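Novice: Residues per chain are reported as follows:
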Amino acid sequence: MSQLALVIDLNVCVGCSACVTSCKEWNTSGPAGFMSDDNPYGKEPTGTFFNRVQTYEVGCFPNTETIHFPKSCLHCEDAPCVPVCPTGASYKREEDGIVLVDYDKCIGCKYCSWACPYGAREFDEHQKVMKKCTLCVDRIYDQSLPETERKPACVLSCPTSARLFGDVEDPESEVSVAIREEGGYQLMPEWGTKPSNHYLPRRKTRLHIHEDELVRADNPLKKEERQPSAPVDEPTLDDSTSW
Amino acid sequence: MHPAFSVIFLTTLIGVGQGLFLALFTGQSYAAAQFLPAQNGTGFFAMGSLIALLFLIGGLISSIFHLGHPERAWRAATKWRTSWLSREVLALPVVMFFVFVYGLMHYMNWDMVIFVTSTGVKFNLSLLVGAVGAAAVFILFLCTAMIYAAIKFLQEWSNPLTIVNYILLGTASGFTLAAAFSSYTAPDLIRFFSVWAIIITVMAFVSRSASLIRNARIKYKSSIQTAIGVRHNQIVQNAQGAMGGSYNTREYFHGKTAIFLKSIKWLFMMLVFPVPIILLSSGMDDNNGAVLLAAFMVQYVGLLAERWFFFAQANHPQNIYYQTV
Chain R
56 MSQLALVIDL NVCVGCSACV TSCKEWNTSG PAGFMSDDNP YGKEPTGTFF NRVQTYEVGC
116 FPNTETIHFP KSCLHCEDAP CVPVCPTGAS YKREEDGIVL VDYDKCIGCK YCSWACPYGA
176 REFDEHQKVM KKCTLCVDRI YDQSLPETER KPACVLSCPT SARLFGDVED PESEVSVAIR
236 EEGGYQLMPE WGTKPSNHYL PRRKTRLHIH EDELVRADNP LKKEERQPSA PVDEPTLDDS
296 TSW
Chain V
315 MHPAFSVIFL TTLIGVGQGL FLALFTGQSY AAAQFLPAQN GTGFFAMGSL IALLFLIGGL
375 ISSIFHLGHP ERAWRAATKW RTSWLSREVL ALPVVMFFVF VYGLMHYMNW DMVIFVTSTG
435 VKFNLSLLVG AVGAAAVFIL FLCTAMIYAA IKFLQEWSNP LTIVNYILLG TASGFTLAAA
495 FSSYTAPDLI RFFSVWAIII TVMAFVSRSA SLIRNARIKY KSSIQTAIGV RHNQIVQNAQ
555 GAMGGSYNTR EYFHGKTAIF LKSIKWLFMM LVFPVPIILL SSGMDDNNGA VLLAAFMVQY
615 VGLLAERWFF FAQANHPQNI YYQTV
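Residue numbers (the numbering used here), protein chains in the order written: chain R, 56 to 298; chain V, 315 to 639.
Hints were generated in silico from the structure; no laboratory data involved. Be careful, since some hints might not be right.
Computed list of lysine to aspartate or glutamate pairs in EDC-like fashion (alpha-carbon distance at most 16 Å, straight line) [stated by the list, open to error]:
{"#": "1", "chain 1": "R", "residue 1": "Lys183", "chain 2": "R", "residue 2": "Asp193"}
{"#": "2", "chain 1": "R", "residue 1": "Lys147", "chain 2": "R", "residue 2": "Asp133"}
{"#": "3", "chain 1": "V", "residue 1": "Lys466", "chain 2": "R", "residue 2": "Asp151"}
{"#": "4", "chain 1": "V", "residue 1": "Lys436", "chain 2": "V", "residue 2": "Asp425"}
{"#": "5", "chain 1": "R", "residue 1": "Lys160", "chain 2": "R", "residue 2": "Asp179"}
{"#": "6", "chain 1": "R", "residue 1": "Lys183", "chain 2": "R", "residue 2": "Asp157"}
{"#": "7", "chain 1": "R", "residue 1": "Lys183", "chain 2": "R", "residue 2": "Asp151"}
{"#": "8", "chain 1": "R", "residue 1": "Lys160", "chain 2": "V", "residue 2": "Glu565"}
{"#": "9", "chain 1": "R", "residue 1": "Lys165", "chain 2": "V", "residue 2": "Glu565"}
{"#": "10", "chain 1": "R", "residue 1": "Lys183", "chain 2": "V", "residue 2": "Asp425"}
{"#": "11", "chain 1": "V", "residue 1": "Lys535", "chain 2": "R", "residue 2": "Glu245"}
{"#": "12", "chain 1": "R", "residue 1": "Lys147", "chain 2": "R", "residue 2": "Glu132"}
{"#": "13", "chain 1": "V", "residue 1": "Lys466", "chain 2": "R", "residue 2": "Asp133"}
{"#": "14", "chain 1": "R", "residue 1": "Lys183", "chain 2": "V", "residue 2": "Glu565"}
{"#": "15", "chain 1": "V", "residue 1": "Lys533", "chain 2": "R", "residue 2": "Glu245"}
{"#": "16", "chain 1": "R", "residue 1": "Lys259", "chain 2": "R", "residue 2": "Glu120"}
{"#": "17", "chain 1": "R", "residue 1": "Lys249", "chain 2": "R", "residue 2": "Asp222"}
{"#": "18", "chain 1": "R", "residue 1": "Lys249", "chain 2": "R", "residue 2": "Glu132"}
{"#": "19", "chain 1": "R", "residue 1": "Lys206", "chain 2": "R", "residue 2": "Asp151"}
{"#": "20", "chain 1": "R", "residue 1": "Lys183", "chain 2": "R", "residue 2": "Glu120"}
{"#": "21", "chain 1": "R", "residue 1": "Lys206", "chain 2": "R", "residue 2": "Glu229"}
{"#": "22", "chain 1": "R", "residue 1": "Lys206", "chain 2": "R", "residue 2": "Glu80"}
{"#": "23", "chain 1": "R", "residue 1": "Lys160", "chain 2": "R", "residue 2": "Glu150"}
{"#": "24", "chain 1": "R", "residue 1": "Lys165", "chain 2": "R", "residue 2": "Glu180"}
Quick partial rundown of chain V residues pointing at chain R, CB under 10 Å, derived from the structure [as the list claims (entries may be wrong)]:
{"#": "25", "residue": "Pro384"}
{"#": "26", "residue": "Arg389"}
{"#": "27", "residue": "Leu468"}
{"#": "28", "residue": "Arg528"}
{"#": "29", "residue": "Ala530"}
{"#": "30", "residue": "Ser536"}
{"#": "31", "residue": "Val550"}
{"#": "32", "residue": "Gln554"}
{"#": "33", "residue": "Ala556"}
{"#": "34", "residue": "Met557"}
{"#": "35", "residue": "Glu565"}
Note that the coordinates shown come from a computational prediction; the quantities given were computed from them, not determined experimentally. Just so you know, even glycine gets a beta-carbon here, dropped at the ideal spot from N, CA and C.
Extracted from the complex, chain R is given alone in its bound form:
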């Protein structure tokens, strides 16, 4: 059993939306067909996306912090969108845990999107089927690509490496180590969906300098100068000991 997932480091994400555009570019050109847009250059542009970056401001000025928050399907281990599908179009793959939609079976009833607390699914208004992040399933197993490129488009495009991709069931994988050691957490844990994607929190790097470290506590003179030399007429340690 394995469970492929993303780990997104909020400490590193700068909100550039490279993951959004590369996701759209890869998937709209993919074998599953385009991801439709309406009015792309007009007043109210709208369209289907698998991944969006949202921005939040935490705190009150001047103590504020901006958090860029990429959100896509979390590929829950206990995905609530799958059992509600009346046709079986929504399914979770046994072999790698990716939640997918069979666009040829989907009847477009939208019930799965109601059953996702994260709003990760988007209805394509032109193809009339439900769409969602596939973890670039058409890319990560593609033997014609060099092995380093067999990763989701968003992961490859991230200029700050804020997105990690791997198997969260394997305790030694890059993602598992990051979750374990960097405090990875899940979104809305209260619903028991067990999201596979994890987020790494903001981590402040602070330099702790104690007062003792500014003033040398072990300096008997309490001021910085050359160590006094021993008196010349008395025996030294060197006279009694051979080192």
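Assemble chain V onto chain R, guided by the hints.
Specialist: What follows is chain V alone, placed relative to chain R:
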């Protein structure tokens, strides 16, 4: 949630059809036990079943408008093991089948007596078919309600009152229609159906009010803190990843003001409960079919508003991610 009129019409129309069938079956049961005079098979039961069937078909047709790919709708019958929607897709034709057979048996007068008790009460075959049909009707009510009640994080829906409301509101509208129908076809039963319609409407008033009171004091489990995993009391969303709106901003928000929502609530609380009760009681006293029909029409319009409010009131947790709508 954004109320979809296809689903509003689906749930209210099949509710009327199911309730009318339950009313017909109740009437026949009482007649079999000799509490009520027996009615004409063709003029009353067959005609009534036809009307119930038309309401069910109307609901089925309106449900088609909800689907992106109605030509694949047959696939929706496949996942009945896990999906309440799939179960509803199966239960609806089963109910339609029993309503059809029940009406046909009365129309063709295929109604042999299968069992007679020592006190002389006769059980007809149509009564047995009606009983199975009534069971199917309750299963359909359960399936329809569980589609909403089964989504645990839609906290307005996820409680047993949703099921009680669907059963009582559908049955109430069906009995009100039966009262109006009987004034044209079976005047002996006007009082019977009207009184039952009033009783069920009062019960529905109690359960719907209970759910309104419950929903008014919901404590939401999800918050912006759990949604993005940042522990701070003051978090403001600045960008939501979409400039001109997206599926997420259209599907989960009703887009109306709080005052509009409140007006719809009071509108349906008037139209579904007190007004039909007054019309029913005055209509049954002077056997006035027009007044009874008005009672049904008012209640149905009220149920459309009730269902609109039911959807609009549900607050989806994904809305936390779209606060700058």
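Novice: Run the structure past the numbered hints and jot down the numbers of the failing ones, going up.
Specialist: 1, 3, 7, 8, 10, 20, 23, 28, 29
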